[in-house]
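Peer 1: Hey, can you work out the whole structure from these sequences and the hints?
So the protein sequences, as listed, match chains V and X.
Mind the numbering: the first sequence is residues 1 to 242 in the numbering used here, read in order.
Mind the numbering: the second sequence is residues 243 to 484 in the numbering used here, read in order.
Just so you know, these hints were derived from the structure itself, not from any lab.
Backbone N, C-alpha and C define an ideal beta-carbon position, used for all residues, glycine too.
Worth double-checking, as some hints may not be accurate.
[Claimed, not checked] To give a feel for the contact side, a few chain X residues facing chain V, derived at Cβ under 7 Å: (1) ALA349; (2) VAL355; (3) LEU356; (4) HIS386; (5) CYS390; (6) GLY396; (7) ASN465; (8) VAL468; (9) ILE484.
For reference, the chains in residue letters:
There are 2 protein chains.
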Amino acid sequence: MQKNYIYGKNATIEFIANFPEKVITVFTTLVDLKSKFQNHPFLTKIVNKDDLDKLLGEKNLTHQGIVLEYKQFNYTPFKDLTTKNLDNKNAFYIILDQIHDPYNFGAIIRSAVLMGVDAIITLDHNQVEITPTVIKASGGTAFHIDVCRVANLGNIIKLLKEEGFWIYSSNLNEDSQNFFNVEFNTKTTLILGNESKGVGDKITKMSDINIHIPTLKVIDSLNVSVAAGIFMFDIARKLQKI
Amino acid sequence: MQKNYIYGKNATIEFIANFPEKVITVFTTLVDLKSKFQNHPFLTKIVNKDDLDKLLGEKNLTHQGIVLEYKQFNYTPFKDLTTKNLDNKNAFYIILDQIHDPYNFGAIIRSAVLMGVDAIITLDHNQVEITPTVIKASGGTAFHIDVCRVANLGNIIKLLKEEGFWIYSSNLNEDSQNFFNVEFNTKTTLILGNESKGVGDKITKMSDINIHIPTLKVIDSLNVSVAAGIFMFDIARKLQKI
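Peer 2: In structure tokens, the structure reads:
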């Protein structure tokens, strides 16, 4: 099984400060840290530089004397969401239709957690998984939100509609409305599309409303994680989550 | 002098579609493209795969048979901004206090151009420059905005105040206001800070108002390019730029 490592002073110290319960072991050359971490639930092992290089399987990675192994990420089964959010009148889900870049995925997760989004739903294929790079880009927040992987987004949208969700697709087609003028005041699912292809046609047709962010049209669109952030801030505000 | 190359089908075709005047030469193994580009002002040279590998100086880069050389990026001297925007009552500038990640810088530029920001001001040190990676992350939009490099942000803030700009710093200190409740209705400069250190103390003290995006405080802050996007959308809307 592949192990999950984060390395480097800032990244590891920040991870420990925020998610001590997700840390399995800290491997470090920095003897001072042993006493600093003594009240934490994880192991701290003093090792030498060569041991750290071996752990990471590559020399000259900028580990700065500290590597941390964290627990496997656990995806949430989709059916658990229904149980959790059945009576949640301002439930807010994000569906990602094939995000390929781990930095975009991580930044979307980070924004979602900070805006009180209740779950992120992704495909179990054609979608970057929760890798160490994604965890790092999320600022470690991935552990604070339900992330579901599903085989078919169409089926999930049907189920969400039956549960009373309104489905909003980020889309620039001619029916698309300026999102800022849209009221978001009920169970909300926001769909964001792939970095180059956007939201797929079938998914678009299944949505209740297509929405877009008004911009000067120099190029087609904002970076997907930036667009996600702008949408989420407004929706979270209107749903009184922040 | 280092040459500026973009490679790969999507990246080059998109660049050509949006910024044909910035292209010097297209080098390609794809003979069909020669006729497609015949009305464009740049040269199209049919070459073989080895030539492309040599151009990029590295084998196995995913150039997909096309490499494009584009013109050097020209920074704008700060004094030129005054001339351009003296009577612009809703002028909107961004100051970046040490952005280190080229993807963040590129995404900020892309959002700024799409939101009608008039100029981006950065330090000429401790700040990522406009590299090919930044250009790519900006979707090529970097050529559509004035970017200034200056030696001292403090001096620039003083000059901007003399020109009637209000200076807003992104900051989480105790005086910081929820940006969404702030009116932005005059010449505006938004300052965004470094990915880990935020806006420096001296710059913060020189600002008229500290502002922040309200979030659930799981971790301290959003990704800087996402935060920049959320701020810029709201300010651009209030300044009636979009």
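Peer 1: Restraint: VAL468 (chain X) near chain V, CB-CB cut 7 Å. Satisfied or not?
Peer 2: holds (4 Å)
Peer 1: Given VAL355 (chain X) as an interface hint, is its Cβ closer than 7 Å to any Cβ of chain V?
Peer 2: Given a least distance of 5 Å, the restraint on VAL355 (chain X) holds.
Peer 1: Hint validation: LEU356 (chain X) versus chain V, beta carbon distance must be below 7 Å. Holds or violated?
Peer 2: holds (4 Å)
Peer 1: Does ALA349 (chain X) pass the interface hint, meaning its C-beta sits closer than 7 Å to a C-beta of chain V?
Peer 2: Holds: closest Cβ of chain V sits about 4 Å from ALA349 (chain X), inside 7 Å.
Peer 1: Once the shortest beta carbon distance from ILE484 (chain X) to chain V is found, is it less than 7 Å?
Peer 2: Holds, about 5 Å.
Peer 1: For the restraint on GLY396 (chain X), tell me whether the closest CB of chain V is nearer than 7 Å.
Peer 2: violated (27 Å)
Peer 1: Given a cut of 7 Å on the nearest C-beta pair, is the interface hint for HIS386 (chain X) held or broken against chain V?
Peer 2: holds (5 Å)
Peer 1: Would you settle whether the hint for CYS390 (chain X) is holds or violated, based on the nearest Cβ-Cβ distance to chain V being less than 7 Å?
Peer 2: Hint violated; CYS390 (chain X) Cβ to chain V Cβ min 19 Å, cut 7 Å.
Peer 1: Would you settle whether the hint for ASN465 (chain X) is holds or violated, based on the nearest Cβ-Cβ distance to chain V being less than 7 Å?
Peer 2: Given a least distance of 4 Å, the restraint on ASN465 (chain X) holds.
Of the hints listed earlier, those the structure fails to meet are numbers 5, 6, in rising order.
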